[in-house]
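Chains as they are written, first to last, in the working numbering: chain L, 15 to 507; chain X, 15 to 507; chain C, 15 to 507; chain Z, 15 to 507.
No wet-lab data here; the hints were simulated from the structure. Just so you know, not all the hints are guaranteed correct.
Since the list gives no way to pick one copy over another, a pair counts as held whenever it fits inside one copy or between any two copies.
[To be verified] When the alpha-carbon atoms are kept at most 20 Å apart in a straight line, the in silico SDA-like pairs for lysine to any residue are as follows: (1) Lys342 <-> Glu175; (2) Lys342 <-> Asp232; (3) Lys324 <-> Asp283; (4) Lys35 <-> Leu262; (5) Lys35 <-> Gly322; (6) Lys35 <-> Gly302; (7) Lys35 <-> Ser66; (8) Lys35 <-> Trp260; (9) Lys342 <-> Val373; (10) Lys324 <-> Tyr141; (11) Lys35 <-> Pro261; (12) Lys324 <-> Gly142; (13) Lys342 <-> Thr275; (14) Lys342 <-> Thr128; (15) Lys324 <-> Pro278; (16) Lys342 <-> Asp38; (17) Lys218 <-> Phe287; (18) Lys35 <-> Gly256; (19) Lys324 <-> Ser337; (20) Lys324 <-> Arg90; (21) Lys35 <-> Val257.
Protein chains: 4
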Amino acid sequence: MSHVHRDDSSSSVNAEAAAGKALDSEDVTIAYVGGGSRQWVPNLVQDLALSSFDGEVRLYDVNVEAAERNAEFGNRVQDDEDATAEWTYTATGDLDAALDGADVVLLSTQYDPTETFVHDLDIPESYGIYGAVSATIGPGGIFRAMRTIPLYRRFAAAIREHCPDAWVFNFTNPVHFVTRALYDEYPGINAVGMCHEVLHARDKLAAFANDHLGMDADRADVSANVKGINHFTWIDEAYVDGVDLWPLLDDLAHGEEGTRTYEPADLEDGSPFTDPWQVSWELYRNFGLLPFAGDRHIVEYATWFLQGGKEGLNRWGVKRTGSDFRAKHWTPAESEQTTDVEAWLSGDRAFDLESSGEVLLDVLGALAGGEEFVTNVNLPNRGQVEGLESGAVVETNALVSASEIRPLSAGGFPRPVRSLLSTHVDTIETVVAAARDGDVDHAFQAFLLDPQVRTLQTEDAREMFAELVDSQEAYLDDWALDDADVLAAADSY
Amino acid sequence: MSHVHRDDSSSSVNAEAAAGKALDSEDVTIAYVGGGSRQWVPNLVQDLALSSFDGEVRLYDVNVEAAERNAEFGNRVQDDEDATAEWTYTATGDLDAALDGADVVLLSTQYDPTETFVHDLDIPESYGIYGAVSATIGPGGIFRAMRTIPLYRRFAAAIREHCPDAWVFNFTNPVHFVTRALYDEYPGINAVGMCHEVLHARDKLAAFANDHLGMDADRADVSANVKGINHFTWIDEAYVDGVDLWPLLDDLAHGEEGTRTYEPADLEDGSPFTDPWQVSWELYRNFGLLPFAGDRHIVEYATWFLQGGKEGLNRWGVKRTGSDFRAKHWTPAESEQTTDVEAWLSGDRAFDLESSGEVLLDVLGALAGGEEFVTNVNLPNRGQVEGLESGAVVETNALVSASEIRPLSAGGFPRPVRSLLSTHVDTIETVVAAARDGDVDHAFQAFLLDPQVRTLQTEDAREMFAELVDSQEAYLDDWALDDADVLAAADSY
Amino acid sequence: MSHVHRDDSSSSVNAEAAAGKALDSEDVTIAYVGGGSRQWVPNLVQDLALSSFDGEVRLYDVNVEAAERNAEFGNRVQDDEDATAEWTYTATGDLDAALDGADVVLLSTQYDPTETFVHDLDIPESYGIYGAVSATIGPGGIFRAMRTIPLYRRFAAAIREHCPDAWVFNFTNPVHFVTRALYDEYPGINAVGMCHEVLHARDKLAAFANDHLGMDADRADVSANVKGINHFTWIDEAYVDGVDLWPLLDDLAHGEEGTRTYEPADLEDGSPFTDPWQVSWELYRNFGLLPFAGDRHIVEYATWFLQGGKEGLNRWGVKRTGSDFRAKHWTPAESEQTTDVEAWLSGDRAFDLESSGEVLLDVLGALAGGEEFVTNVNLPNRGQVEGLESGAVVETNALVSASEIRPLSAGGFPRPVRSLLSTHVDTIETVVAAARDGDVDHAFQAFLLDPQVRTLQTEDAREMFAELVDSQEAYLDDWALDDADVLAAADSY
Amino acid sequence: MSHVHRDDSSSSVNAEAAAGKALDSEDVTIAYVGGGSRQWVPNLVQDLALSSFDGEVRLYDVNVEAAERNAEFGNRVQDDEDATAEWTYTATGDLDAALDGADVVLLSTQYDPTETFVHDLDIPESYGIYGAVSATIGPGGIFRAMRTIPLYRRFAAAIREHCPDAWVFNFTNPVHFVTRALYDEYPGINAVGMCHEVLHARDKLAAFANDHLGMDADRADVSANVKGINHFTWIDEAYVDGVDLWPLLDDLAHGEEGTRTYEPADLEDGSPFTDPWQVSWELYRNFGLLPFAGDRHIVEYATWFLQGGKEGLNRWGVKRTGSDFRAKHWTPAESEQTTDVEAWLSGDRAFDLESSGEVLLDVLGALAGGEEFVTNVNLPNRGQVEGLESGAVVETNALVSASEIRPLSAGGFPRPVRSLLSTHVDTIETVVAAARDGDVDHAFQAFLLDPQVRTLQTEDAREMFAELVDSQEAYLDDWALDDADVLAAADSY
């Protein structure tokens, strides 16, 4: 419901982004875009079955077969004796039908990584850029954004047409680029970008409190003033059960915990997801605030740590998720590999209904009138982060209550940290603007701004850009490649 | 604890105003400035006795005797069988001693109204300005601010010296002027302006839900997105137990409830505190947002309703609290009139320990690690209200938790409402700036800006200003009256 | 030519508004919208004949006959022996044809005052609002804007289609509303609002210098730092031939010159255009800056001086231009009254070619590569006035040179003066926004904001608004009158 | 003269920075700080002798003897038959005496380069940073700022005391850091940063017009819309004698002129001051605006061109001014080398009075009431550059007239260029803030922000910082080196 005239000059984004559709806890319609997913959908199915509200889930996927398998699974789970809620599942390949009148839209899609991510990692590496993830910023992240934004603009347009008031949760990376693009296409959208990184960081703080202060805390007991942009969030206050954690954190930063060093050999056999937080401690020591996402993401934004290639990165205990890892660990919807769902459906594996612990269900519960709670969300800035541009998608805590997701006012940053953030906001805003009319040269300006790219000469940046376009042209057909001066000038395109 | 460099250029007020001193629930030291109060202190005494945390209260007052009586009462209440907490009370006439090392400072003082308020009401009335309250804006409110600000700057300076990290709660009107002046003197202060008006408005919404939707709600069930400045707050969203109240409010505004008219005779015998909300409904119909404070305050800011004198004001069901009322209903600390406390102490009246329902105790409880909750507070704007000036003291909801009072991001306003608010922000900021060096001519510029004053010629405004100065000169001795061109030019000074 | 990407987030108006089409001094095509004018066109004709550049003028008017008479006159003047330039004149009733490929567009139109202005003055007066001019702000000015903006949006759209790069000079009042609306329709327009008031004020300063400092100055020797919005401009610095005039101005303000008082009888027989500047001096004494437009305009914005009706206004030496005056002094294009042009054409009067002294010719000359000079212009704010909203049309000095009109950075205002200005900016921006979709209720919000209207109860404001609509409905057909709640609620519509 | 209250909230710098002291052309007192200079002073002496105004010059220098030699020369030149003005010269080692009552202060000082610049260049080079000039930004520039700012804060404080209204012209690099620090110490100062780079760029445009359009233009005929920060200025419009130069510039950028490449060998024997503008053309092709300072400066800010060391830089035709060059080409005041002045004084060389062509004399002439003109200046941003922070020292054109230097409103930037600029503004503002209390760790944050430094790991940046401190500790004694965590953590300090 729009109560007020929308000519408020103080806001570059018109969306309220805070109050939206009321959810009827007995009849919630969820449209799942990317409904063939082999991991997310099964989790959601179980969480919904264990929830306190009922409804319908429409699984939309270009791979309808995968969606149908998930729907079959979803309906089957309803029969489980532990299920407390009633949900029905349907599968469809028709986006419009899936969205029609939906109360909630979940966005979670992914392209084939062997055709996309692999190049995002390997081509920059050939220019000396050794990104840790290359998925949300840097040359690889920018290209992922360029592939994804046009599709998500179409999603936003379809939402405007078929379910304009729905709550839209975006899980697709790069979360900031993609969520911003949804608002750019449809400023009235109620879209929220969701991410796990901050939750894991809160786990970490709970563990510190338990280990060093003898507390018995978990994530829910941790309150930290999160602010920044997705994957480059910071905190300047942290409490566990009311106890100020800052003196401990300061001690840790300057003690053994915060000053470990690593050799490449140390990481050889470990998981890239182990996170010793050495980058975070180093940034804390230099800037006085603590980063609050995994180090593997932070280094893509605070690019000192990428200098010196593998050795430079490994020194901080960060192990790259390389292209081989990416290709191996992605289970495409159409894969022949047997998945949990198939095993369950075929009876090859016993099924045990259990909660995934995802925060989404808590959010939906609170929106439907259940318990209020505070969690981190990505929303256009309407003041919740002081000093970052109005309208840019920022990440902060928000209070979730019936029909509302309202950010907490997180304050600002000391200038040097704000400066680091602003450059990335400029990259994101420029790519989103360039995507409006598929202006490749405009996107290349954003590419040049990126601190990873600034370690190259402009001519090399142009070559790298052209190679990236060349390698994944099939995914860039919304871009006016033929009109691009940057491609005409590059040799390698 | 200050974690970060303070050169953030994006903020004109340096204070964090959100995170402050941790309270130890077993040992809280409260300094009460204005501790001879006959109403507030007895309420606090009982609330503390029934609370879950212990400590010490120092009652400071220029009238030490009144403070001593309250201290005696406070200590006596501890013996009550229902008391759950342990508190000790002392009285003092030494501000520095009262503040020394305090965890919490409560500010609540008042000047003799027959020497001050009475003129604030009567002199403007003689110029045709028929204010409803004349206590927080308009000519009377500006003069109250001019009397109060210098004293509160001294309080802020003493707090900086004796208890720089204390939580400071200001109850003294005009709350916006006074709270702003505390920050102007000491930007690092953790000061929060407190006010009841929004709580009463939430009661009202609960009553509407009960009467019209058959709910059984009270204030605590009402969630409304409060924003504005103290006594001129608005809401654009309201939920009761998760139910969107807006459709009902829209119906009420356009139906019988919202379109009543009154004659002076209708109000003759009623209390001025009865509030039929007709001004609020009229503003809602015109601007699309609903004011969220008593109509008697709103009309001082939205001055259409003051036009036409008594009849004009009464037409909306608003009855003035005139100078006679003021004089009669104020019980000075030194009054000979027997008060509750005296009656209790003397045994003339039976004492029954009961909670006052004040929100302050909930705030202190949450700060000390108890249950988190949301309530309205007045704090410098760091983004919680979009489109109003950074640093201006605004009123919004805040989440109160251990060691934190963090505003919720309330969004902005449609331009016309923002414009109404901005003029008053300009008045407030100008008076606060003028008070820095007692510049009377500068204060007169603020006076001229006020929409009530703009119904006069500048010459008449000058005369009125001079009469007001003349009538209360004893309370304005921090101002450089001798250097004032405006007074030299006026005939009546 | 657009050299740069236009996604600059820092600007709410995309237009450069500074650099535009190069003029070829031997072939300038001017389209004159309102070309039947009996005063402006003959002046222009003579100025062009005496200029140093040649070209063609297309006179467009709905009254083609009047335009034809002017064209005939224009072509005849070319034969004058003193003519130094070659111009040809044509008349047309086809706007598109007039604009096609034009280099310069002049906008100067007016509605029949007996059907419009007369009501703008008389209806507010019946509500106790005694405006001095009622033509650019206040209830009358807002209605003039409501009548004019839709037409000028169509002009802007036609310019976008037929001569997108042309220099557009708008002389039509209310200059700020109308110029702002041109940019709102076509952000790329090179439109400049032009006005005489500042020029007359510079004459006044020259006269002061001559009278009191024994100088021999004229307007061209006066340099003053103009800033504000049209008809509510101020200066904070003034030099005559390099001499700082401020000490003299300060003396005058506080001496006999600045402290005269008037009785209605003093003004009875005088012209309303005599301007003793008493309002300006009074504002200077109160705010420290000097208004820099005629007092009769200033009082419409600084509304203290309108209080107390005729007597209140006359006290400052300001005489109203009432509705009778308006009706009498307007010479409609189609009037039967013999004009200068007819007299010249018929040979009834001898013709003597002479310059009008209009600044427009100097502007065109500089744009065509002639001498650079500084004059006051109305343009969207891109920083030239600090503290007023970006995109609002403000008035400052500008340097005019070949193909450029570049504002000088005028600095900001002390807060109280900025506050007075901001309220009017909010009114203007709200009306322009409301006009986008003809939203009458939105326009009424702007009406309520106006300080003149704030002397009424909201109900009276509504009645007055409805009466104004009723009186000039024929000129408001772009507005959605049937959907207007404000009109439905008013009795008098 | 201060006409207005200074509480304008819209400005973080209170200074007007536009209007200042009137100069009496018959009696101008100039204080020259750095008056022993062997090049600047002799030039000034001759320009003054040929000017149209008279007065006194006080040459202040820590090396009094050098100042005395210059004074002797200055007084001798008065006898030249071509001298048109009367000036007297004195030398002093007493700063306060030199400044007392001065109308104009010129700031131009320099430290011994073998102890300072040499390290600024060589230490970063040892970390792989191959700066072209290393004098105004990058690690070397930041250290130059750290050495210079404390001294210039003292100059500003002395000016506040001895000649608060004087016009202050700062020629000392880094101009943006230093000018900003003057305002930080004394916000009321009338200080202007002066630089030649833009003038040389205008020469270049005149040459293009002459070579390609057959014009006969010089610098004075070129009008270009300059904006940015010193040494990183850009233009988006350029006219020569009213002819739009942009089509030509666009042709040149894409033709042979703009696409030359160089090998190190090509530059071996050339001067580093030859400027083929290849960096400028490349930036123009990528960003649509043209840089407008020497390429050797631009590359320090647009750091792609520094990648790849000497070869990378030389490829664009830019030759480094290395530490050997610096040491060789600096003529210290106390040098034994015979200078022009000595040769003239001794009669060893014939003296021929001639103008230096410096713009300063034109500025002083205009301020004293002579001809108005437009030139580039560095002033705190009060709106002249849209989108850069208020108060930051920016470079734009300004109109110089009697008692006024008023910037022209230059508009904003496309986002990517604004982003490049903002990072450097953040560096500058952070160093200036750090210098307030000598906070070395705060300064190191600025150092880390610099794009040249971001090519290192944080640990290497720390080492480099410590080495730089170590090498020039004698010049950093206003900094709290002993309290610096960054130095304690570094091995090399």
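Could you tell me which of the numbered hints above are not met by this structure, giving the numbers in increasing order?
Violated: hints 1, 2, 5, 9, 13, 16, 20.
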